[in-house]
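K.L.:
Spelled out from the first residue to the last, the chains are:
Protein chains: 2
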Amino acid sequence: MDAATPDRRLRLSEIHEHNRDSGSYWVYRGDRVYDITDWIPSHPGGDVILRAVGGSVEPYWNIFSIHQKQEVLDILEQYFIGKIDPRDLVDGRAPAGQIDDPFKSDPERDVGLKVLTPRPCNAETPTRDLASFITPDRTFYVRNHLWVPDLGKGEKHRLTIEMMDGSEVEYSVADLRDKFTAHTITATLQCSGNRRAHMTAGARQTNGLQWGVGGISNAEWTGVLLRDLLAAAGLPVDDPPDDVKHALFAGAEAYGASIPIEKATDRRGDVLLAYEMNGKPLSRDHGFPLRVIVPGHVAARSVKWVNKITLSGEESTSQWQRRDYKCFGPNEGKSPDWDAAVSIQEVPVQSAVTSVDEVYGLEEDAVVLQGYAFSGGGRRIVRVDVSPDNGKTWQQAQILENDAKGHKAWAWSHWRIAFAKHEVDKVFLVKAVDESYNTQPDSFEPHYNFKGNLTSGWHRVSAP
Amino acid sequence: MDAATPDRRLRLSEIHEHNRDSGSYWVYRGDRVYDITDWIPSHPGGDVILRAVGGSVEPYWNIFSIHQKQEVLDILEQYFIGKIDPRDLVDGRAPAGQIDDPFKSDPERDVGLKVLTPRPCNAETPTRDLASFITPDRTFYVRNHLWVPDLGKGEKHRLTIEMMDGSEVEYSVADLRDKFTAHTITATLQCSGNRRAHMTAGARQTNGLQWGVGGISNAEWTGVLLRDLLAAAGLPVDDPPDDVKHALFAGAEAYGASIPIEKATDRRGDVLLAYEMNGKPLSRDHGFPLRVIVPGHVAARSVKWVNKITLSGEESTSQWQRRDYKCFGPNEGKSPDWDAAVSIQEVPVQSAVTSVDEVYGLEEDAVVLQGYAFSGGGRRIVRVDVSPDNGKTWQQAQILENDAKGHKAWAWSHWRIAFAKHEVDKVFLVKAVDESYNTQPDSFEPHYNFKGNLTSGWHRVSAP
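Line by line, the protein sequences are chains A and B.
1 is the number of the first residue of the first sequence in this note's numbering; add one for each residue after it.
1 is the number of the first residue of the second sequence in this note's numbering; add one for each residue after it.
Bound conformation, chain A alone:
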């Protein structure tokens, strides 16, 4: 390791040589260069750090926002070795073209998706496809936290299951297909940020991507039951030991999350390691060749490109488990008590209007509304109330039948209602009720959380 010599000037070409194929690993941030070779074994996020070596940490730190605090900067400074040679800087920084693009191997996508951010890709399902019970693969909403890993044809991909005693079992996707019974369920995935834009509009600014009603989609998933895998690995799944509390999932791109062991082992919980979506192999954006599906829970637990399952007494330590996917009280500012809030698992009852159409009839003109309703935990939607006049009166929508597969109601319900034009007065409202008779809050401000997670206040749309 080179000693810290503040006056040393390093060319970008030299930094690039200290990449993952070299024996010593350099990174830069701004114009400051660090040799992090000795730090790598201590990195809490594991090997993913190797993606950054030989270049800038900044595109990664923009994604892994957990780095953006003083204590991380202090650690990095311990490995300072010099500055980038001014001849290689433009406006004091390495030119963008010199910074490796983590997203360069992302797949091409359907142009119909409503893109919120291209890198990482976050995109809503287009309105027309929200009306179909099964969302087509190409327009299923995309919520990527990082780049899409390129796992080739998936033949080399392995799923490792690590038990509490450290013992491991490893499977290829072909093994999973061959050695375990396949199961198919119909499950809706919903981003915790779905409808966040409504909380911002109805209350105050929220952190995070401003999703409309399209951060939700529904598909048929085929794969093997996590319960079966854990049983084969030796866990007494009907009565796990008290110290086994969580199943942790890690994805090939470095994402991580966990679910309680009760859900992982529930006979009626239907947690899958899925290799097919809508009857075909998963597409790359949706986790090829293997992803977790945790039906009834927030989609953030349905880890894509999964390569490791670990049983543990603790939740995943990832920022997506301990930070991002939590809700706080309306009284809490942007430095809440992170640990006091519980990680989002099951989601609350939700509904939204996806289309408002004027229909010109022979007898009377009408307005037809369509939308979806969904609740977590497999709780079936039993009623959807729609007001054509900003809450003065309510009518019940027709809930459309579906042929969803699974032990519980893991799939959304579509609904439809028609109003005579004369009944309609300015603003439509919609709210749903699930089989536990939970319902949605009326408004946004009293339920404000600065992250805008799990927005579920009544959807309000203007009449045409």
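Treat the hints as calculated values from the structure; they're not laboratory data.
There are no misleading hints in this set.
You can't tell identical chains apart in this list, so a pair holds if it fits in one copy or across any two.
In silico BS3-like pairs for lysine-lysine, Cα to Cα no more than 30 Å straight-line: (1) K392 x K426; (2) K392 x K334; (3) K308 x K408; (4) K405 x K245; (5) K421 x K334.
Assemble chain B onto chain A, guided by the hints.
P.N.:
For chain B alone, kept in the frame of chain A given last:
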């Protein structure tokens, strides 16, 4: 059977002789007398009809309100045999003293209970006892639909379990204690009408008893697991056959209800046949010698004085399953589509203020609020938000720790919060959030249901 002779006049003393100890059974309604001997085997409610014979059906029909429709009157008229002799009538009716009192053997009760109706007894837990985590037996809220059966010392009481093939197993309470493992859980029971008075005040008139905040209590229950009983009777409890869909419960006083088989057999569902409450044998008002406890579900499914469990493909046909314990939309009048609404099982998230106390301090006067919060399905309460100023600002209450027993959070949480006097402005509001991040609706009118069931709009209380 006597032929119908409209001019026949019958003395009350003669009618009284046609009681359950006789071979032929007469009843009267108003001044009209009926010989219902031939009808008894067809009575949908079973043998309970024998309680009325030899006297008036009216006190029973006031309880079993399902009789109050024309088709029932038409059936009764087929058995008309004459009128009561005018010498025995006062103002055209049999005198009240002549009508048997179904409640005459009801137990004595604590004078602290807030009585809504004495016969059948319906009474709220007094405010001071709502503040204790475990509600004392004597002031646990009472919700009786009928009379309290007098089952002596309980030695003759039997629990019969009827399987799908008609086979039966029968146990005494001593058998249950001796032959099965005892389990203790802490479970809150809540009447579906709890806080109904708030819906009436906040929206419109509702049918049913106008409960305040005291239609809820919490106790430790000890008994045997329904799952264990069903397993012993031969049901494969981990994977019941598809045709077994419900477990039906019947009580000795004629009440009946049912729960889905999934709850009945869930390893973590903790459904008990309880013989102890707070460490002592059940009291008569709470089901002595045996009652069902279905934690996380509406209390109407926790059948008292249970003497029969039946496995079935259908829900209980009782009015309490098919009618009374359902919710309807705000658009539905008093003749709703009864079958379209689902029976209440798990209850939604709920909270209420139980006391508001002014505290005079050395530095500043304060107001301390206490209350409870609870959610169905074993979903833990994770946050209680209280506004001291009618919703302008919110603060989080302290949720008190408890040592509830059971696989899930079946018990209420108590909470407490103090406001400086200057923060307080007119109206306090409270709302809770459970671990599925479901919350309570803001208001009442949009969630109005004419039965006033499952009222869960924010509790609003005036500041002192």
